[in-house]
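Number of protein chains: 2
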Amino acid sequence: MSFRFELQKTDGSARAGLIHTDHGVVETPVFLPIGTQGTVKSIEPRELEEIGAQIVLGNTYHLSLRPGEEILRKAGGLHRFVGWKKPILTDSGGFQIFSLEGLRDVSEEGVRFQSHIDGSPQFFSPERVIDLERAIGADIMMVLDECTPNPCAYEYATESVERTLRWAERCKTHFLERPPEYEHAQALFGIGQGSTYKDLREQCLGKLVEMGFAGYAIGGLAVGETANEMYDITEFCAERLPSEKPRYLMGVGTPENLLESIDRGCDMFDCVLPTRNGRNGMAFTSRGKVTLKNSIFKEDFRPLDPGCSCYTCQNFGRAYLRYLFQAKEILGMQLLTLHNLSFYLSFMRSARGAIIEARFASWKNATLARLHAEPVDQHD
Amino acid sequence: MSFRFELQKTDGSARAGLIHTDHGVVETPVFLPIGTQGTVKSIEPRELEEIGAQIVLGNTYHLSLRPGEEILRKAGGLHRFVGWKKPILTDSGGFQIFSLEGLRDVSEEGVRFQSHIDGSPQFFSPERVIDLERAIGADIMMVLDECTPNPCAYEYATESVERTLRWAERCKTHFLERPPEYEHAQALFGIGQGSTYKDLREQCLGKLVEMGFAGYAIGGLAVGETANEMYDITEFCAERLPSEKPRYLMGVGTPENLLESIDRGCDMFDCVLPTRNGRNGMAFTSRGKVTLKNSIFKEDFRPLDPGCSCYTCQNFGRAYLRYLFQAKEILGMQLLTLHNLSFYLSFMRSARGAIIEARFASWKNATLARLHAEPVDQHD
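Heads up: the sequence lines are chains A and B, in that order. For the first sequence, the residue numbers in our numbering are 1 to 380. For the second sequence, the residue numbers in our numbering are 1 to 380.
No wet-lab data here; the hints were simulated from the structure. Since the model is a prediction, treat every value here as computed from it, not as a measurement. Where hints are given, some of them may not hold.
What the hints assert, rightly or not - Okay, derived cross-link-like pairs now, DSS-like style, lysine-lysine, Cα gap no bigger than 30 Å in a straight line:
hint, chain 1, residue 1, chain 2, residue 2
1, A, K9, A, K86
2, A, K293, B, K86
3, B, K289, A, K41
4, B, K74, A, K289
5, A, K86, B, K293
6, B, K298, A, K85
7, A, K289, B, K328
8, A, K328, B, K328
9, B, K86, B, K74
10, B, K85, A, K41
11, B, K9, B, K41
12, B, K41, A, K86
13, A, K74, B, K293
14, A, K85, A, K172
15, B, K41, A, K41
16, A, K245, A, K9
17, B, K207, B, K9
18, A, K207, A, K172
19, A, K328, B, K289
20, B, K328, A, K41
21, A, K41, A, K289
22, A, K172, A, K198
23, B, K85, A, K293
24, A, K293, B, K41
25, B, K298, A, K74
26, A, K172, A, K245
27, B, K41, B, K328
28, B, K74, A, K328
29, A, K85, A, K9
30, B, K293, B, K245
31, B, K86, A, K328
32, A, K86, B, K298
33, B, K293, A, K298
34, B, K289, A, K74
35, A, K85, A, K245
As the list claims (entries may be wrong) - Covered by chain A, according to a simulated footprint, are these stretches of chain B (three or more residues, beta-carbon under 8 Å):
hint, segment
36, 39–52
37, 305–316
What the hints assert, rightly or not - A short list of chain A residues far from chain B (calculated; beta carbon distances all over 10 Å):
hint, residue
38, G288
39, E357
40, R359
We treat Cβ as the ideally placed atom computed from N, Cα and C, and that holds for glycine.
Given only the sequences and the hints, what does the whole structure look like? Please build it.
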């Protein structure tokens with residue numbers, strides 16, 4: 001049983017590496033498709049493999065409410081329950097619980113909250129989250145943290161960082177006490193908070209690194225701050241993290257955000273954009289975003305992204321995809337989500353290739369220029 | 001350019017044959033997955049091929065309203081628009097229009113009705129339907145008929161059969177005058193009506209056969225009559241149809257209905273059951289129907305139908321499928337629709353194999369016994 005990060009190459013601050021897990025190797029930089037409830041919405045696991053997904057994200061909060069830990073345990077863990085053989089990372093659910101404004105009650109012990117499904121009372125403590133993540137069996141588990149909103153008063157951010165650190169310590173202690181339930185290793189990542197305050201960020205990461213985790217996440221970003229603030233904090237944090245551990249920037253972001261964050265030394269990313277936008281008729285392409293409801297596509301039978309090798313682009317035209325959304329056909333969501341994820345994953349493979357070949361800066365500039373060129377819907 | 005039916009084998013009244021089209025050969029008896037709006041709901045075309053779909057059904061009424069004939073023409077026909085390379089059959093839309101109670105006005109010339117999408121006035125005449133079906137480019141086109149409800153007064157059924165015959169004649173005339181728009185042959189099928197009145201059924205089919213069509217459909221069944229009435233009329237009609245042409249029983253039915261209708265000499269079938277029920281959490285299996293919301297499946301990790309080779313049964317358990325429906329995840333609809341269609345298609349292949357090997361009666365009896373055995377949800 002093993003979990004190990006291997007830093008293969010750096011190019012400026014950008015990094016290429018390998019995360020070794022008992023469910024296979026993940027090449028970084030990597031994007032994690034979001035499978036909150038144990039399914040990447042509208043995508044079959046075999047399609048995820050087809051487009052090169054290496055690891056998916058599940059959510060402890062959602063999975064604990066439904067199907068619940070007993071069913072997951074009886075199934076032999078989430079991998080078996082959902083039919084996914086590659087690595088899984090579970091977020092602790094802290095972000096979700098702290099979004100339940102008014103429905104939660106935070107104490108030193110943990111968070112009381114109401115289920116969004118049936119209103120039933122729930123309690124998450126650091127220990128409880130670890131127990132749940134053991135039942136889920138994700139290859140990478142995240143500690144329970146408090147994700148502060150933006151803007152956030154300095155005093156509250158300070159208290160929150162202190163609690164997040166005490167909870168991280170309790171998570172780690174319980175993680176060491178409680179062995180895995182299945183035949184594969186699980187690693188625990190710490191999460192740094194501190195809002196946009198660099199002194200708090202530094203303090204938080206310093207303590208987490210002292211405690212020692214298998215990887216470190218930068219949390220509490222992409223919550224409303226400007227892109228420049230986000231890049232600034234990301235860079236500040238990445239510089240304070242040990243080079244031999246993976247760095248996970250949570251909840252980020254657009255293709256441009258990914259480029260800038262890879263350039264600042266981050267390795268792992270997750271975001272709802274490719275999946276959620278795919279269900280809403282919005283496509284990511286090498287030439288920027290495309291809104292399929294635009295009537296310019298009505299009789300446009302060309303592929304969404306002519307250079308894309310995904311099933312959608314190889315077999316269907318823009319007019320048909322637009323029509324599927326107009327007719328409210330589920331297939332539209334399926335095909336567009338598949339393309340968007342394929343685009344994100346291919347984008348990350350290109351970034352990795354550029355880092356390995358020591359041409360990340362020029363690749364990044366060319367890619368940004370293309371993303372910012374005239375959009376597809378006003379072009380060729 | 002060619003369309004041809006080849007009767008290969010009979011076993012009792014059951015028939016095995018081949019429908020040759022320019023988009024490939026269809027082995028009968030055959031089930032047509034329903035792709036009303038140019039997509040079999042929640043299923044990718046490559047998945048249809050994977051499970052052995054040979055021909056799909058589109059609807060002239062729906063496709064004429066959206067995307068509309070101009071877009072279909074510019075796309076080069078429905079096959080190209082939707083990315084489906086095998087045969088397509090289009091229903092005329094008569095059934096849908098005559099279901100628009102109160103929103104339609106029937107005259108000798110045709111039917112005025114309002115679009116269910118935007119309320120805009122529409123007019124379907126026999127000639128207009130042929131024009132639309134030429135623009136769609138289906139391999140098999142259906143005439144415009146009047147589908148009477150059940151029960152139906154004898155007088156109304158008589159008038160309706162007479163109009164259906166005059167419309168069939170006009171369809172055929174216009175079909176011969178107006179050549180195909182694309183590089184493949186299109187065949188025109190007649191549709192027999194007459195409600196549950198055998199004299200009207202006989203008169204209608206007799207006249208249609210005199211006119212001469214590439215195939216004949218039995219319409220106006222599965223609209224509320226009993227199964228025995230349906231079998232009785234089906235048998236009566238099939239006996240009056242020429243053996244050298246394919247026989248299409250429209251809108252039928254359950255696996256049991258299919259068995260009984262194959263046994264009475266029908267070759268082609270379509271029905272919403274596998275797709276619609278799949279989206280509602282109901283599965284067809286070799287042991288009968290299964291309702292996934294049944295709590296008995298909560299911790300049942302076995303495949304839906306252990307003998308089934310579809311992607312769903314090979315990779316997911318009942319508990320996960322049930323969970324997907326509980327969590328309202330689209331993937332549940334996808335996986336269950338895929339299984340249901342796979343079951344129907346495999347069922348038809350088995351029927352065909354039994355006919356070819358002259359063991360249809362024993363296969364039918366064994367299959368019925370299994371379908372009627374203790375249901376999966378109370379068993380093993």
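Taking the hints in turn, this is what the structure says about them:
Between A:K9 and A:K86, the direct Cα distance comes to roughly 24 Å. Compliance with the 30 Å bound is thereby established for this hinted pair. Only pairs whose Cα atoms come within 30 Å are accepted, and A:K293 paired with B:K86 is accepted, the gap being roughly 29 Å. Our distance criterion of 30 Å between C-alpha atoms is met by B:K289 and A:K41, whose separation comes to about 26 Å. The hinted pair formed by B:K74 and A:K289 meets the criterion: a straight-line CA distance of about 26 Å does not exceed 30 Å.
Of the supplied pair hints, the one linking A:K86 and B:K293 holds, its CA atoms being roughly 29 Å apart against a limit of 30 Å. With a CA separation close to 22 Å, the supplied pair B:K298 and A:K85 stays within the 30 Å bound. Simply put, A:K289 and B:K328 have alpha-carbon atoms about 28 Å apart, close enough for the 30 Å limit, and the pair holds. In summary, the hint linking A:K328 to B:K328 is supported, as the alpha carbons are separated by about 17 Å, within the 30 Å threshold.
Taking the CA atoms of B:K86 and B:K74, the gap is near 20 Å; set against the 30 Å cutoff, the hint holds. Restraint check for B:K85 and A:K41: satisfied, since their Cα atoms lie roughly 28 Å apart, inside the 30 Å limit. With a C-alpha separation of about 34 Å, the suggested pairing of B:K9 with B:K41 is violated against the 30 Å cut-off. Between the alpha carbons of B:K41 and A:K86 the distance comes to roughly 29 Å, so the proposed pair stays at or under 30 Å and holds.
Distance restraint check for A:K74 and B:K293: the Cα-Cα separation of roughly 19 Å lies within the 30 Å cut-off, and the hinted pair is therefore satisfied. Using a Cα cut-off of 30 Å, the hinted pair A:K85 and A:K172 holds, with the two alpha carbons roughly 26 Å apart. About 16 Å separates the Cα atoms of B:K41 and A:K41, which keeps this hinted pair within 30 Å; it holds. The hinted pair formed by A:K245 and A:K9 meets the criterion: a straight-line CA distance of about 13 Å does not exceed 30 Å.
About 27 Å separates the Cα atoms of B:K207 and B:K9, which keeps this hinted pair within 30 Å; it holds. As the CA atoms of A:K207 and A:K172 are separated by approximately 13 Å, the hinted pair is consistent with the 30 Å bound. Of the pairs offered as hints, the one joining A:K328 and B:K289 holds, with about 28 Å between alpha carbons and a cut-off of 30 Å not exceeded. For the proposed pair B:K328 and A:K41, the alpha carbon gap of about 10 Å is at most 30 Å, so the pair holds.
Taking the CA atoms of A:K41 and A:K289, the gap is near 20 Å; set against the 30 Å cutoff, the hint holds. Simply put, A:K172 and A:K198 have alpha-carbon atoms about 25 Å apart, close enough for the 30 Å limit, and the pair holds. Simply put, B:K85 and A:K293 have alpha-carbon atoms about 26 Å apart, close enough for the 30 Å limit, and the pair holds. At roughly 20 Å between alpha-carbon atoms, A:K293 and B:K41 fall within 30 Å of each other, so this suggested pair holds.
Between B:K298 and A:K74 the CA atoms are separated by roughly 11 Å; this keeps the pair inside 30 Å, and the hint holds. Of the supplied pair hints, the one linking A:K172 and A:K245 holds, its CA atoms being roughly 16 Å apart against a limit of 30 Å. At roughly 16 Å between alpha-carbon atoms, B:K41 and B:K328 fall within 30 Å of each other, so this suggested pair holds. Taking the CA atoms of B:K74 and A:K328, the gap is about 22 Å. The hint holds against a cut of 30 Å.
Using a Cα cut-off of 30 Å, the hinted pair A:K85 and A:K9 holds, with the two alpha carbons roughly 27 Å apart. A C-alpha spacing of about 43 Å is found between B:K293 and B:K245, which places the hinted pair above 30 Å, so the restraint is violated. Taking the CA atoms of B:K86 and A:K328, the gap is about 24 Å. The hint holds against a cut of 30 Å. The hinted pair formed by A:K86 and B:K298 meets the criterion: a straight-line CA distance of about 25 Å does not exceed 30 Å.
Of the supplied pair hints, the one linking B:K293 and A:K298 is violated, its CA atoms being roughly 40 Å apart against a limit of 30 Å. Restraint check for B:K289 and A:K74: satisfied, since their Cα atoms lie roughly 26 Å apart, inside the 30 Å limit. Between A:K85 and A:K245, the direct Cα distance comes to roughly 24 Å. Compliance with the 30 Å bound is thereby established for this hinted pair. Here the segment 39–52 of chain B counts 7 residues with a CB under 8 Å from a CB of chain A, which clears the bar of 3, and the coverage holds.
For a cut-off of 8 Å, the count of residues in the segment 305–316 of chain B with a CB near a CB of chain A stands at 3, and the three-residue condition holds. Annotated as non-interface, A:G288 keeps its C-beta farther than 10 Å from every C-beta of chain B; the closest such distance is 25 Å. For A:E357, the non-interface assignment is confirmed: its Cβ lies about 34 Å from the closest Cβ of chain B, beyond the 10 Å cut-off. Non-interface call for A:R359 relative to chain B: holds, since the shortest CB-CB distance, roughly 36 Å, exceeds 10 Å.
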